Amino acid sequence: MLLIAAINWHSFFFLLFALVTCGFALGVLFSSNIVRMAFYLTIALGTTSGLFILAGAHFVGAMQLMIYVGGTLVLLIFGVMLTAHEGAVLMKTRAGDWVVAVIAGGSLLALLISAAVSIPTWRSNEVTPADLTADDSHSTSSVGLALIGVRTDIATEKDATLRRGLSGYLLAFEIVSVHLLVVLVGAAYLARAKQRLATTGDV
Amino acid sequence: MSEWINNLIPIAWEWPGFLLTAIIKAALLIHIPAVGALIFIWMERKISGRIQDRLGPTRVGGRFGWLQTLADGLKLVTKEDITPGKADVMLFRMAPYLSFAASFACLMALPVAAGWVAVRLNVAAFFLLAVLGLEVFGVILAGWASGSKWSLFGAMREAAQVVSYEVPIGLCVIVPVMICGTMDLVTIGDMQAGWFNNWLVLHDPFTFGIFWVYFTCATASVNRAPFDLAEAESELVAGFHTEYSGLRWSIFFMAEYGSMFIVSALAAILFFGGWHGPVPVTAIIHNMAIHSMGFEIGGTAPFWHFLANLLGCANLIFKATIGVTVMIWVRWTLPRLRIDQVITTCWKYCVPLSAFMFVGVLCWQTWWGLPSPNREIRGKIREGWVQQDESVPSGEVRADGSAAETQITYQAGTRNYEGSN
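Chains A and B, in that order, give the protein sequences. The opening residue of the first sequence carries number 1 in our numbering; numbering runs sequentially from there. The opening residue of the second sequence carries number 1 in our numbering; numbering runs sequentially from there.
Only chain B is shown next, with the shape it has when bound in the complex (with noise of 0.2 Å):
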């Protein structure tokens, strides 16, 4: 994109491109956790009222209340921004922006679409891991900060939950990873191209069971209900926000909402094709370009790519979407449970579930070779490697990749880094 735009510029210089293209993509992130927060708070309100039997907010905003969560957000701002006396002033303040830029960090290595990614990471799974886990460091200095008793166990209680529950999601990112062989996420979503057969969700019973496994460790582990134990604010009134007020305590609830639908475009990516949808659209779209209107078959055709990665964009936003939605239907459903109630359901069911689904993915097609219906296309594509026959000609690259007893060369540099600078 940058070179793009330093070819609109006539002069020589790198910098315009690459500031500009900096500012699009932080302007188009920002976007998830801020304007995300507006809908899906206002989904959460008009969904609960639905389940509760109410109507939800109707007044501000016509007859659907769409614009409650803006009259929200300005009585926030408007509200009187308060630090308790025997708070550390500056952890205090530095807290939320800490617990906002762990979530918003992550949605740079998250793709979107084919391509669309402001950050293309070899190792994209992997980081989201490590940097959603950080998240738990602003509600622990919030906690810490905030100089109450109150607080801190309200933190303790998250970090010791948020802690736990890594490791079971852990074991369920890795299902994917294993069977793509990659841990590059555009990669892994491009894999689960076609119909909806080639979802991972449906590549064997397993995955289909660790799906479960990780959408459970993924709501306790942005601490929604029934694991929102940090906060539960009808029995233990907020924890570890007790003391904020204002806006500090709204980029709190941005970052949980940014997180919310993170976890749910990773599930949407790992295991439900990502931007490919049920049906092939997007090569539907490739097709009739090339068919119908004359492109060639490897050409480029960049106004059809463009509107096969906006529907693929728009696939992902609403797949995530119906995460968020699952997750704020539960919310609504299920009974809080207990501290040492949400560790035992990581312990001793989510983290033996996972490690049990993991061995058995990995029996189904190498130990067992039985079928998927998955398209057979992995174990083709491994990143940055592939086998090469002795017999071929150095350079030749054995099309299916199945010689069994071959020497392993290193092939750099046939990714793509669109994106990336």
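The shape of chain A in the complex, shown without the other chains (with noise of 0.2 Å):
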């Protein structure tokens, strides 16, 4: 009972969804079955959204339930389905297959780790409670501000050079929506022009 008493719970969250994570990331990438391996997919991106959510990030969370579980693998498994059909479902990988992905995968392993180990404050254990309540705010405004160029965090920072460089993202944003919004128009033209090809090869 003492030793349940001592556990961080936080700590204990953090490590149960991170290790279900890694375990289902693994599943994917050892399943030759397309059909489980995107099913793992999903479940590893949810135990994810579930690290964000347990960081305070909700609006994050919310966003990668969204996007990548509710969009991305939806379509992911969309895709698998329709094309998938008696022994195209059992995926083989080649040798070079596997020398590609070890490269790839590896140095991002290796930027990510030395990343983390530049930060100071990771390397130590100690948490001062102004890090914890600066990272507490919860909320999502000051995001949602910044995008139409609104920066919250002004008023915060004390040099005045700095302060005049701290501009929001409003063009970055508009740019990245148009960019969208044509690539969607693009998709819609593409399929309805085939469509129309095909209607009036039948005539």
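Worth flagging that the hints you see were computed from the coordinates, not collected in a lab. Please read these numbers as outputs of a predicted model, since none were measured by experiment. Wrong hints could be hidden among the right ones.
[Said to hold, decoys possible] Lysine-lysine pairs mimicking DSS-like chemistry, simulated, CA-CA at most 27 Å apart:
1) LYS79/B - LYS149/B
2) LYS86/B - LYS92/A
3) LYS79/B - LYS46/B
4) LYS92/A - LYS149/B
5) LYS46/B - LYS75/B
6) LYS149/B - LYS86/B
Using the hints, put the two chains back together into the complex; each one sits in its own frame.
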């Protein structure tokens, strides 16, 4: 009982979610059935969103569920279901694929590890109360406002020169939006053009 | 709540409180899909019977057939659990639970009264939409894992439909979020306190219109008739769950009825005042407690607070039940659409309509400056941040928040996280 009382429950759930994520990520890697891979990926991405929510980033967690789990993965499963028939469900990886995957994944891992080690506060266990309160904002307003050009963190920045540099992200946001719109219109146009060609061909 | 439990326990451990809180909340929430399904299925039988000039169930449990669903449940439990020979056994078994888990996870973030919510999320409306969309996974996997083309086609119809209808539903939910300036469902509900003229559905003609678009899309997204192409039991003989029997099949149904309740409750919170009734009963109770029973204003009156919340909870469940009843009524009234008509309804009618209504709501107050029956409290509460005038000393917030060209500072930590731990 004392042992249970001594557990830091936040760390416990972090480890639990992290282990489930890693486990199912490995499942994706070692499974050869495409649909099962998609299912494992669903759980891995879902628990990643659990990690975000555990870290207090509710918006990012919900975003992860909405975009990756609800959007991308549904499309992925859709594609797999439409294309996978007998024989194509089992995927075989060639040796070349393994080499490329190990190089790409390994370099990313090395980058992430070096980045993680370079952050000084991550190397010690000491957490000051100030760090915690600053992170415990639970709100997305500042992100949203920054996207429409208002930086709420300007007031807390002491340095006047730095403050001038803190502009919003309105232009970047608009460029990305217009870019996405163009992609969507283009996709719709391509789909329709193909359909028109097919119908005229029949006549 | 966990702090309260921990105060009762003489030892200085935290975990019994957390564990008990989690168990109590989960136990309370599991009643919504389980008991809710019992009642709603009985209701569906009765209402469909009446609509078709029949009596509905009359034998089991007295004149009204109260226990008919329970008898059905017993039948389902005792049925043989069959797995098809060509099925992918693991996915076939997992799929119903995946559907149910998605439906159940939504309930975590769904408030039932002011502050009565398992996990109070700052982005509850968005979270609900995101998790509600995950239910389709169970359906797709069920269709694929059954190892039958018939089920696979059913699952594909459902996937196409649900993914399409997520777009207009998102646009509809944005409107109340935009008017209230927050995605926190508790705050959205509390902003509509008072008489029924504060309900957002009466905010302006566009919100009134967009409620109907929302309800149509919600009906479609939970696969209810006239949009139940995934199942279409009379024409297509149950799409994705053809191969399921017994308890697994009933889990799909519990998930469906749970989702019906969730989208109806979300409609009630977003458009119909949530736990604030047409008559401000909760406010009257508070006033009564303050004036006639000697409680001081601003003082704590836990019992009256609890009573007001209990009434609010009953109010919300009543409103959500009305929504479910309308869905049942529509199912037995309108003929089923074809799949291309379902998709056409979404992309050619619901999406443009909701986009038009969205722009209309945007213009109503900001551009045209037209009045609204709602009390003018909105625009002042903008979740964490408030507009702060330069002339006002720091820490003091201008009450009307109307300062035009002022600096915006971030003020964290005024919200209460009761029930979130």
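A quick look at each hint next to the structure:
{"no.": "1", "hint": "LYS79/B - LYS149/B", "verdict": "holds (24 Å)"}
{"no.": "2", "hint": "LYS86/B - LYS92/A", "verdict": "holds (21 Å)"}
{"no.": "3", "hint": "LYS79/B - LYS46/B", "verdict": "holds (24 Å)"}
{"no.": "4", "hint": "LYS92/A - LYS149/B", "verdict": "holds (24 Å)"}
{"no.": "5", "hint": "LYS46/B - LYS75/B", "verdict": "holds (19 Å)"}
{"no.": "6", "hint": "LYS149/B - LYS86/B", "verdict": "holds (11 Å)"}
Hint violations for this structure: none, all hints satisfied.
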